[in-house]
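A.B. asks: Residues per chain are reported as follows:
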Amino acid sequence: MRISGNRLLRDKAGLAGLVLFLIGAVGPIVWSVGYAGAYSLGLAGFFGRGFTWKYWAGAFTGDEILRSFIFSGSVALAVVCVGGAFAVVIVLTFHRQLIQGVLASLLYVPLALSGLVAAFLVSRWMSGAGLFSRIGHGLGLVRDPQHFLNLVNDPLGIGIIAAHLLLAVPFFALTMLQIYEVEKIDRLRQLASSLGASAAQSRWRVAVPILLRKSSANLLLYFIFVLGSFEIPLVVGPQTPLMISLLTRRKFGLFELAQKPEAFVISLVYTALLLLLLVFIFRRPEERAA
Amino acid sequence: MRASSISHKCLALIFAMLCLFPLSFLIVQSFARSWNYPSIWPEDLGAGAWRTVFKSGALGTSLLLSLGTATSVGVAATAAGFLTSRYIAYHPRRRIFLFLAYVPFVMSPVILGTCLLYLFIKLGIADHFSGLVAGQSIIAYGFAVVFFVRFWNPQLRALQDLVYTLGGGTWTAFRRVLIPLARGPLLVCFCQTFLISWFDYGLALIIGGGKIQTLTVRLFAFITEANMPLAAVSALFLITPPVALFWLNRRFLLKPV
Amino acid sequence: MVTKGILILGWCTLALSACGPKPPSPVDVTKLTWDEITQRARDQTVTLVMWQGDPLINKYMREFVVPGVEKEYGVHLNIVGGQGNDLVSKLMTEREAGKSESAYDLMWINGETFYQLRQIDGLVGPFTDKLPNAQYVDFQNPFIRYDFQQEVNGYECPWGNVQLAIVYDTARVQNPPRTKEELAPWVEAHPGRFTFDASFTGLTFLKSLLYAFAGGPAELQGRFDQAKYEKYSAQLWDYLNGIKPNFWKNGKTFPEGVAQMHQLFASGEIDFTMSNNDGEVDNKILQGIFPETARGYVLDTGTIQNTHYMGIAKRSGHAAAAMAVCNFLISPEAQFQKARPAVWGDGTVLALEKLPGAWQEKFRHIPQRTHVPPRSELQPKALPEPASQYMIRLNEDFRKQVIER
Numbered sequence: 001m002r003i004s005g006n007r008l009l010r011d012k013a014g015l016a017g018l019v020l021f022l023i024g025a026v027g028p029i030v031w032s033v034g035y036a037g038a039y040s041l042g043l044a045g046f047f048g049r050g051f052t053w054k055y056w057a058g059a060f061t062g063d064e065i066l067r068s069f070i071f072s073g074s075v076a077l078a079v080v081c082v083g084g085a086f087a088v089v090i091v092l093t094f095h096r097q098l099i100q101g102v103l104a105s106l107l108y109v110p111l112a113l114s115g116l117v118a119a120f121l122v123s124r125w126m127s128g129a130g131l132f133s134r135i136g137h138g139l140g141l142v143r144d145p146q147h148f149l150n151l152v153n154d155p156l157g158i159g160i161i162a163a164h165l166l167l168a169v170p171f172f173a174l175t176m177l178q179i180y181e182v183e184k185i186d187r188l189r190q191l192a193s194s195l196g197a198s199a200a201q202s203r204w205r206v207a208v209p210i211l212l213r214k215s216s217a218n219l220l221l222y223f224i225f226v227l228g229s230f231e232i233p234l235v236v237g238p239q240t241p242l243m244i245s246l247l248t249r250r251k252f253g254l255f256e257l258a259q260k261p262e263a264f265v266i267s268l269v270y271t272a273l274l275l276l277l278l279v280f281i282f283r284r285p286e287e288r289a290a
Numbered sequence: 001m002r003a004s005s006i007s008h009k010c011l012a013l014i015f016a017m018l019c020l021f022p023l024s025f026l027i028v029q030s031f032a033r034s035w036n037y038p039s040i041w042p043e044d045l046g047a048g049a050w051r052t053v054f055k056s057g058a059l060g061t062s063l064l065l066s067l068g069t070a071t072s073v074g075v076a077a078t079a080a081g082f083l084t085s086r087y088i089a090y091h092p093r094r095r096i097f098l099f100l101a102y103v104p105f106v107m108s109p110v111i112l113g114t115c116l117l118y119l120f121i122k123l124g125i126a127d128h129f130s131g132l133v134a135g136q137s138i139i140a141y142g143f144a145v146v147f148f149v150r151f152w153n154p155q156l157r158a159l160q161d162l163v164y165t166l167g168g169g170t171w172t173a174f175r176r177v178l179i180p181l182a183r184g185p186l187l188v189c190f191c192q193t194f195l196i197s198w199f200d201y202g203l204a205l206i207i208g209g210g211k212i213q214t215l216t217v218r219l220f221a222f223i224t225e226a227n228m229p230l231a232a233v234s235a236l237f238l239i240t241p242p243v244a245l246f247w248l249n250r251r252f253l254l255k256p257v
Numbered sequence: 001m002v003t004k005g006i007l008i009l010g011w012c013t014l015a016l017s018a019c020g021p022k023p024p025s026p027v028d029v030t031k032l033t034w035d036e037i038t039q040r041a042r043d044q045t046v047t048l049v050m051w052q053g054d055p056l057i058n059k060y061m062r063e064f065v066v067p068g069v070e071k072e073y074g075v076h077l078n079i080v081g082g083q084g085n086d087l088v089s090k091l092m093t094e095r096e097a098g099k100s101e102s103a104y105d106l107m108w109i110n111g112e113t114f115y116q117l118r119q120i121d122g123l124v125g126p127f128t129d130k131l132p133n134a135q136y137v138d139f140q141n142p143f144i145r146y147d148f149q150q151e152v153n154g155y156e157c158p159w160g161n162v163q164l165a166i167v168y169d170t171a172r173v174q175n176p177p178r179t180k181e182e183l184a185p186w187v188e189a190h191p192g193r194f195t196f197d198a199s200f201t202g203l204t205f206l207k208s209l210l211y212a213f214a215g216g217p218a219e220l221q222g223r224f225d226q227a228k229y230e231k232y233s234a235q236l237w238d239y240l241n242g243i244k245p246n247f248w249k250n251g252k253t254f255p256e257g258v259a260q261m262h263q264l265f266a267s268g269e270i271d272f273t274m275s276n277n278d279g280e281v282d283n284k285i286l287q288g289i290f291p292e293t294a295r296g297y298v299l300d301t302g303t304i305q306n307t308h309y310m311g312i313a314k315r316s317g318h319a320a321a322a323m324a325v326c327n328f329l330i331s332p333e334a335q336f337q338k339a340r341p342a343v344w345g346d347g348t349v350l351a352l353e354k355l356p357g358a359w360q361e362k363f364r365h366i367p368q369r370t371h372v373p374p375r376s377e378l379q380p381k382a383l384p385e386p387a388s389q390y391m392i393r394l395n396e397d398f399r400k401q402v403i404e405r
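Protein chains in written order, with our numbering: chain R, 1 to 290; chain Z, 1 to 257; chain E, 1 to 405.
Next comes chain R alone, as it looks inside the complex (with noise of 0.2 Å):
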């Protein structure tokens, strides 16, 4: 519902609300943007000499920046889908005892891991002398951690999609069970039945491409949110390529000091990249609807 601009100005109260709104979300945003385009133009900080192209022709020299890029999104795109998959698989087939039921309460405690928690664990648990190595020596299968294979701090971020899973697929349930309860998804179900669908058939033509295309807005806002972690590729990721935050803060706190202005240029390349993603989400015909 859509009520007129006058009514709205004679909301004080509303008004209120948009100013500090203003002031205490957007505006830091907005100065964010400002500060890190001069100082990456040479116009601030302490090395500031003037407008100058130097810092943004030395970061994009080589191509750190883009493997960085590169990589946050492939690591983003598996920890997505491979968290989807596995959140669809757990609402169809638990879907009941989620509701209510022990299991109901337990699928809360994974949800309670931070990132550092969660990038703990899984040093403990998939590192060379980790858990899952100890397991495979007392099975025969590892000689010795050396011989064990290599999911932490390995150049294709394994430990950081298993850290991000760990916390990604119990978000991504409880979503999907929340849709599969708003939809009537069961309903949907039985009368596909009634008209002669099999269990299969309700399963991956009924029921899957609905919590999909329901959750697709979360989901592409998680994808979001791994672009730019910090603290789990801090504790299990690799060395070379980093994560956008990762590079961003090792640009920031460089021996050589006269290069952190590069790490504001990664940052402004972050946000055009945060917004363009942002704008994808709300061209969509759900959100445009919402």
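Wrong hints could be hidden among the right ones.
Counterexamples of contact, computed for chain R against chain Z with all Cβ distances above 12 Å [stated by the list, open to error]:
| id | residue |
| --- | --- |
| 1 | Phe94 |
| 2 | Val102 |
| 3 | Ser229 |
| 4 | Glu256 |
Computed footprint of chain Z on chain R; a stretch qualifies when at least three of its residues, placed anywhere within it, have a C-beta under 8 Å from a C-beta of chain Z [as the list claims (entries may be wrong)]:
| id | region |
| --- | --- |
| 5 | 26-36 |
| 6 | 59-70 |
| 7 | 80-89 |
| 8 | 183-191 |
| 9 | 239-250 |
In case anyone wonders, no lab produced these hints; they're calculated from the structure.
Even for Gly, the Cβ is constructed at its ideal location relative to N, Cα and C.
Go by the hints and put chains Z and E onto chain R.
C.D. replies: Using the frame of chain R, we list chains Z and E on its own:
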């Protein structure tokens, strides 16, 4: 049918064990005095790490600090988000405001913190509790607006108008109608914004400058030190309040806003 | 009820955050007498930022230094984690923002951090001549007087002295390689068993190798020489890239820090670890982290000996209190405690002959380390730190030339 019922129960049991496995592992790790390769179970168990924690009180201080920060952020962001979203929800340009609300919410806290550090130092709130609360509130505020925008609907507007018609003001409408109706979502939003702050490490590192020793900062220090039992104890401290919050709010969390 | 409680808690914590004792008004502490300094120091809180990657060092600070400075000077010492480039970055941002009082008062620094802080005029000094206990410091020792080829000139207070040692387990390795010529075939014959960390200790190892390629310390003495750096670093990268495929994890990743390396060594994943502190071997064995069969040694071509220091931030609001803490840290009591292998095993910066007789005896009777040769044996193979820019360039180029290749 019976066989599939049994296999379903087995799967459910495996799933339940997987949910509990992280917590169980942390408990065992926190008591593991010696756990060398290739032992699957610790060779030596003891409560040394727990004794260290309770003796020094440092983790307790961090716990209180994290609780204080997260509570402040939760209260501030929920209140501000509730107020702001009411205006945005009925605005002709609602989608633009919603878009703007998403930006701080989805932005990397580390990148945001790196860009804001100068401003916070200038304002004199860097390395202070207030600076950390302010920084985390930017993110939580965005979330709260996004969360509450879907709460407002024509029926709520009509109820509000009814209050005005009967002679009540804005404050009466909030106190007598809107807040009571929004109790469930307010609590859920407070929990979510509490957790945004509770789990944060990046902003605590950058804005806090190491001086604000939240639980996440302590946990990272123990991980860097390769002090696994103490890291596990910190992790357990970090997990417990969220588990409690989720448990208390389950009935609200599953309902759509 | 619950909501009211939450609101009250929230506002109370915000209000409390504004409280605290005010710092004394700024004054040039380098012009004060010691009595004036200790008077100003009383009841002040000093924020010390330091690397917190070793639990024993943290314990020494927490259980000996913190109560010690409280008792002697009435100074409350608040220790926070942080180091090197992050620290300098923070101080730079404070400077850019025109902040009058820094977040940090005292900083554990050396080498490249000292160089960078001097670049941005980020240190108080000269101040060490004001410290009564400075009379015992061995400022004639070139390893103490110069920090990465830069004379300290009283702008940082020496705290400890260490030499890079390579640690191995005699139960697994009988003849450890003692030169780079021996290291390469050893690594090739034992794939996956050798690595070094990607931070300070690993860089110190790389500097030691750089000296080996340069034929000794004389070639790299004095100011940074771009041509020499390029010549010898090219040889270093070629050498490392030649044997990198046989490193731990095929050289695709390196342990992030020394704590992780020690863990890999202790769990048997690798056969060597390293420490900037030659006294750490005995210390870690006493803790039960390293096996009793662990031993430390240095390369025949030498390893870097290095002094670490305390610096006071230029804009510290508690510079006098920070000086009091420095004086405590270089006191015979604190240096003795720190030198004990069971506590830290860190070398002292004091000249024993300058100490009162009783303290000389005490230092001589510190339990000697048994798992690494005594310092007198390692001293002939001690290499001075090269100029800071070598480390800065090595840090950057190691990533580009080795990790990313």
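A.B. asks: Go through the numbered hints given earlier and state which of them the structure violates, listing their numbers in rising order.
C.D. replies: 1, 2, 3, 6, 7 and 8
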